[in-house]
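*Asks:* What follows is each chain in one-letter form.
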Amino acid sequence: MKVRRFYDIFRLRLRSLLGKTAVESELDRELRFHFDQLVQENIARGMPPTEARHAAMRMIGGLAQIQEECRDMRRTNQLETIWNDLKYAVRILSRTPGFTAVIVLTLALSIGANSAIFSVIEGVLLRPLPFAHPERIVRIFLTSDTYPKFPLNPNDFRDFRSRNRTFDSLAAITRQDVQLSGAGEPVMLRAFEVTAGYFRVLGFTPARGREFTTTDELPEHGRLAILSDRFWHARFAADRNIVGRSITLNAVPFTVVGVMPPGVQHPGNDYHAVPDGDTVDVWYPFTFEGSPNNRGSHFMDGIGRLKPGVTPEQGNADLSGVLNQLGNEHPGDKGWHIYLVPLFREMVGRTQRMLFVLLGAVGLLLLIACVNAANLLLARSSVRQREIAVRSALGASRTRIVRQLLTESLLIALAGAALGTLLALGGVRALVFLLPPGFPRAAEIHLNLVVFGFTLLIALLTGLLFGLVPALAAARTDIQQSLREGGRASTGSQRQVRVRDVLVVGETGLACVLLIAAGLMLHSFVNLLRADPGFRPQQVLTASISLPRQQYHDGPQRSRFYAQLIDSVASLPGVRSAGMGTDLPWTGYDENTGFDVEGRSAAANDNNSARYHAASPDYFHALGVTLLHGRFFTASDDAKATKVLIVNEAMARRYWPGADAVGKRITFEDHPKEKDWVRVVGVLGDVKDQADSAAGHPAFWWPLAQAPFPDVSVAIRAQGDPVLLTDQLRTAVKRLDPGLAVADVRLMKQIADASVATQRFSLFLVGLFAALALVLATIGMYGVISYSVSQRMHEFGMRMALGAKPGDLMRLILGQGVKRALAGAAIGLLCAAALARLLGNLLYGVSGADPVTFFAVAVLAIATAAIACYLPARRAAGADPMHSLRTE
Amino acid sequence: MSKRSDLIQGTLDLLILNTISLAPQHGWAIAKRIQQVSNEVLQVSQGALYPALHRLEQQGWIRAEWRVTEAGRDAKFYSMTKAGRTQLQKELAQWERLSNAVGQVIRMLPEAAS
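Those sequence lines, one after another, are chains A and B. The opening residue of the first sequence carries number 1 in the working numbering; numbering runs sequentially from there. The opening residue of the second sequence carries number 1001 in the working numbering; numbering runs sequentially from there.
It is worth saying that the hints were derived from the structure and are not from the lab. All C-beta atoms in this analysis are idealised placements derived from N, C-alpha and C, irrespective of residue type, glycine included. One or more hints might be untrue.
What follows is a list of derived Cβ distance ranges for each label pair [stated by the list, open to error]:
id	chain 1	residue 1	chain 2	residue 2	range
1	B	A1023	A	P128	26 to 34 Å
2	B	L1098	A	H446	23 to 31 Å
3	A	T279	B	K1082	26 to 34 Å
4	A	V90	B	L1022	44 to 52 Å
5	B	L1022	A	P128	37 to 45 Å
6	B	A1023	A	G62	52 to 60 Å
7	B	A1023	A	L63	22 to 30 Å
8	A	E68	B	V1041	27 to 35 Å
9	B	V1041	A	D72	50 to 58 Å
Non-contacting residues of chain A with respect to chain B, defined by C-beta distances greater than 12 Å in every case (computed) [claimed, not checked]:
id	residue
10	D36
11	Q37
12	R71
13	P261
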């Protein structure tokens, strides 16, 4: 009933507004009927017709007044006022199309930028994660004094799973890509070994078949696979009978037991990270093998679903209790603590700062656009003073005038929002394209109703914000004075001039804040690019190869393959050097081991740890890593030769401080025999983990021939364009083993670029916004100065007549602009100094109060102010004084 | 929203609602009926009646439609909506309360004076 009533009311209001003529004529007919009845009644009483009519007219009183009151009751008038205001606003605004276009465009740019950035925030931070009850999912890590965030040991995990009391389900995963062979080219698949219950943790159930059970975790049971929907479509043409079929992974038959539904998202992982989203092809069961007492190797990403009502802190305490028990049972578990992170924070937490910095930047831009619009409207309202004076002289109340002017500004803002939304449509697509690789939830970013709502809201807010000051100022106009000034362009009141000065100073200040943010980021970026990465990424082609264990089960076999491949690639024309190693710089590789340094006490050796790698002799040449002491590996450092290794400077400095590490020995055995000692033969310059890492991590390399890992990366330094070698590399691999896939073919330059992508991305956007801000501030400055010049032409003419030179006038006007710019810059620099620490880790090698940036921005602000003043100044200086004096 | 009426504010609404609660009526008939039933005591002027009708319609208590009168003329007939019926009950109850209260005060006064 209520709904019905509101529908009725809405329909009637709409009718009052749109069907005005119909409503009016109905009112007419209704009252006429009444009048006729009255006349008839009078006639029935015996009056002659004419008199009856007159009497009726007298009785009915002011017909027009009744009609007007009925209209009031219908709210027609109120609606009509709004309608008229709108029509009037459109007419006024279209009378000055250039002016309107400038405001609408600047607003559209900044509102569009806000919508675009907000849609990223909405998709990444505001929307719930694509899992059932995501707030109950947590990631589980270990932490210790040396390793803040460390993966789990599988046997520990099994104990966590059986002994915890706070989790609905607990799972662990580890990335282990597999090679699919059979029909067509062999391909590397993104694959994860997962424990039973993994999909239950995430809240997914297979669309076909079943999930893994704990039985599948037993050795010899685990040759099973679950396919992702995407991969099932792409490779098996959505074969409905796939469950139960056998596929060949790593040259071994696996039985497909399930297919996941579309939309299954990977929650992201740390160990051999894969971006989140629909990025995994195949899952297969993790197999618990070997001694359950092995607690030393850590390589599993833990994830769990808390029982309803359990907080992450309670889960943390629960697992910590289990870990304490384990510490008593297994010495290897001592020294570790549980580190539970809510999945949301783990997945998107690291983007928060950058996104909020961008939102802040774009918000500032909007504020500047607002101030700019207010400034332009104010300038125009002084031109419109006469019109407004006439209207108020004719009886328009102040509220009425403010309402009219606000309608105009809201209309401008809404037009800006509409155009801005169009810009945002393209902008969001560009943003997603530019996002740093591996940005979480990138696929979920698009414009939607929430974003449209946000856009509408900020449009209304900006409309009010930039409209209110000019509207109030205009309504305060002194009618008498304005009218008396007649046809002459009225001088804006002193107060208006002051308001406009404040606005332009504020605008410059805000623009300076943005410019400084951009400047600091630019300076950081330059530092990043200048920082020596420790290797030379130019002209290097990289790829990865994985030798199936079943085919290449022993070390010599793998070594032979590697040697052959390197030989054939190195002999290709255009190849300067070719090498292989366990990994490439800046790819997140992080495998560590303990060891004993010869000559140190057992206690001193207890906490030794370094990152281990293996590399072929030319690997370092190919990547351009520098040798500080000793030698690189040679072909003679093979399985039969004495064991050697190369360490990096960080490791040399930590374990042999003040001494030459070359010739020193370490061992990986608890009770080493003479042959178990490994000799350091060379010291390398450090390669940092990431472009912005503070220092290198201690690391060493075994010769690949002495430690032939099955998964390797290839690095080839080319003479010319490295891309041209791609096909030749593939051919070389195919000739040796047609069943092998060459995966991740990338240029080292791309990897290096990707590692500064976040900084580049935020620099690009903040720089763009700062540039826009500068343009807006310049427009504002130009508007103010040019207006003040046109107001003072008379004065300037007088000055010229009294002997002032054009140069004096130029200086006078430029001085005006520069004075305002200086005030704005001073305010801006102060604000920026206070805000700079918010940029946090987006800065590298630059303090928040970087003098270079601050100085440059101040100069830039003053220079643009001077440019903005130049045209008006020249106009003033070039004017004929007689003419100026006469026109006044 | 000024209203020229000798009736207490809101009373006219009550009278109109009550009058059309029996059968749909046009404005003229409503005014006549109120006049007749009240023995010519209550005179509803057109200047008050039509704005009130339009207001009640705008508020969704009554609905208007064009019909032909017995005399064969087009007239705008007002009828009750469901929401209007509830509103009428509310206003009646309120009126009862008010008139009772006024009545009590008036009856009490002479005693107090004596």
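*Asks:* Evaluate each hint against the coordinates.
*Replies:* Structure-based check of each hint:
| no. | hint | in the structure |
| --- | --- | --- |
| 1 | B:A1023 - A:P128: 26 to 34 Å | violated (57 Å) |
| 2 | B:L1098 - A:H446: 23 to 31 Å | violated (60 Å) |
| 3 | A:T279 - B:K1082: 26 to 34 Å | violated (58 Å) |
| 4 | A:V90 - B:L1022: 44 to 52 Å | holds (50 Å) |
| 5 | B:L1022 - A:P128: 37 to 45 Å | violated (57 Å) |
| 6 | B:A1023 - A:G62: 52 to 60 Å | violated (31 Å) |
| 7 | B:A1023 - A:L63: 22 to 30 Å | holds (28 Å) |
| 8 | A:E68 - B:V1041: 27 to 35 Å | holds (29 Å) |
| 9 | B:V1041 - A:D72: 50 to 58 Å | violated (28 Å) |
| 10 | D36 | violated (8 Å) |
| 11 | Q37 | violated (4 Å) |
| 12 | R71 | violated (8 Å) |
| 13 | P261 | holds (48 Å) |
Of the numbered hints given earlier, the model fails hints 1, 2, 3, 5, 6, 9, 10, 11 and 12; all others are met.
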